[in-house]
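Undergrad: Chain B: place on chain A using the hints.
Number of protein chains: 2
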Amino acid sequence: MLGRVNHIAIAVPNLSAAVATYRDTLGAAVSQPQILPDHGVTVVFVELPNTKVELLEPYGEASPIAAFLEKNPSGGMHHICYEVADILAARDRLTSAGARVLGDGNPKTGAHGYPVLFLHPKDFNGVLLELEQVP
Amino acid sequence: MLGRVNHIAIAVPNLSAAVATYRDTLGAAVSQPQILPDHGVTVVFVELPNTKVELLEPYGEASPIAAFLEKNPSGGMHHICYEVADILAARDRLTSAGARVLGDGNPKTGAHGYPVLFLHPKDFNGVLLELEQVP
Numbered sequence: 001m002l003g004r005v006n007h008i009a010i011a012v013p014n015l016s017a018a019v020a021t022y023r024d025t026l027g028a029a030v031s032q033p034q035i036l037p038d039h040g041v042t043v044v045f046v047e048l049p050n051t052k053v054e055l056l057e058p059y060g061e062a063s064p065i066a067a068f069l070e071k072n073p074s075g076g077m078h079h080i081c082y083e084v085a086d087i088l089a090a091r092d093r094l095t096s097a098g099a100r101v102l103g104d105g106n107p108k109t110g111a112h113g114y115p116v117l118f119l120h121p122k123d124f125n126g127v128l129l130e131l132e133q134v135p
Numbered sequence: 136m137l138g139r140v141n142h143i144a145i146a147v148p149n150l151s152a153a154v155a156t157y158r159d160t161l162g163a164a165v166s167q168p169q170i171l172p173d174h175g176v177t178v179v180f181v182e183l184p185n186t187k188v189e190l191l192e193p194y195g196e197a198s199p200i201a202a203f204l205e206k207n208p209s210g211g212m213h214h215i216c217y218e219v220a221d222i223l224a225a226r227d228r229l230t231s232a233g234a235r236v237l238g239d240g241n242p243k244t245g246a247h248g249y250p251v252l253f254l255h256p257k258d259f260n261g262v263l264l265e266l267e268q269v270p
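For the protein sequence lines, the chains are A and B, in the order given. Just so it is clear: in the first sequence, position 114 is 114 by the working numbering, and no numbers are missing. For any residue, its number in the working numbering is found by taking its place in the second sequence, counting from 1, and adding 135.
Chain A on its own, in the form it takes in the complex (with noise of 0.2 Å):
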């Protein structure tokens, strides 16, 4: 079921300082930050050959990475995000499994514009999964 990983997500308390140390010390290629308001996160894409790291920053009043930050004042790794092929199919054979899909249990629109869905970190090994139907 799971495809590949899309991207791995990190989130940052500085962006700015965080995109200086993986274009300038790690000599990666980033993309310029785009702000999502319905996410609460500014994000920077550092492009990899395989794949992709997100680096995240809190954004406007109520950013859904503030807890994490408060908790790990300098920044870590989030979430892991896979792709499925069949986003519904995917969730209805992790909830038969007795996984919990956060939220309301239905597929949201996510940074990237295809339907997304997190998994609770407690079922999967203290990891927070997200799940992208990729076309």
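Worth flagging that the hints you see were computed from the coordinates, not collected in a lab. Incorrect hints may have been included.
Said to hold, decoys possible - A few chain A positions that, by computed beta-carbon distances, are all more than 10 Å from chain B:
hint, residue
1, 16
2, 34
3, 38
4, 67
5, 126
6, 127
Said to hold, decoys possible - Quick list of the computed label-pair ranges, beta carbon to beta carbon:
hint, chain 1, residue 1, chain 2, residue 2, range
7, A, 104, B, 166, 35 to 45 Å
8, A, 1, B, 170, 36 to 46 Å
9, B, 224, A, 105, 12 to 22 Å
Said to hold, decoys possible - Capping the alpha-carbon separation at 25 Å, the derived lysine-lysine pairs in PhoX-like fashion look like this:
hint, chain 1, residue 1, chain 2, residue 2
10, A, 52, B, 187
11, B, 206, A, 122
12, B, 257, A, 52
13, B, 187, A, 122
We put the CB at the ideal spot given by N, CA and C, even for glycine.
TA: Showing chain B alone in chain A's frame:
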């Protein structure tokens, strides 16, 4: 400088349970467990189309992931491994930029038999980074 994401490592308290989650619930291909006594871990590779997830369980008395699991009893994302073409050149570039290499600063032989180095999480947004020189 950064190449492919070689793997994403997840520390888990119970490897057989984690294998069941990835293989049966998430439907991914997983390897047989390998004990790596020199690294203090038992590892299973989750093979995805573009990269690998390494599930790590402590092995032996002084596992380097034991303290992490004490802090994160359910498990969690432990490190990201990036491939580099020349690990000594990478190290020199990073240390010139003020980043800290863990241990004595010299590459060790990693789980795949290639030279690896670990970088201090405080210098990389709270994320432990591994660099691996791949042929």
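Undergrad: Starting from the hint list further up, note which numbers the structure goes against and sort them upward.
TA: 5, 6, 8 and 9
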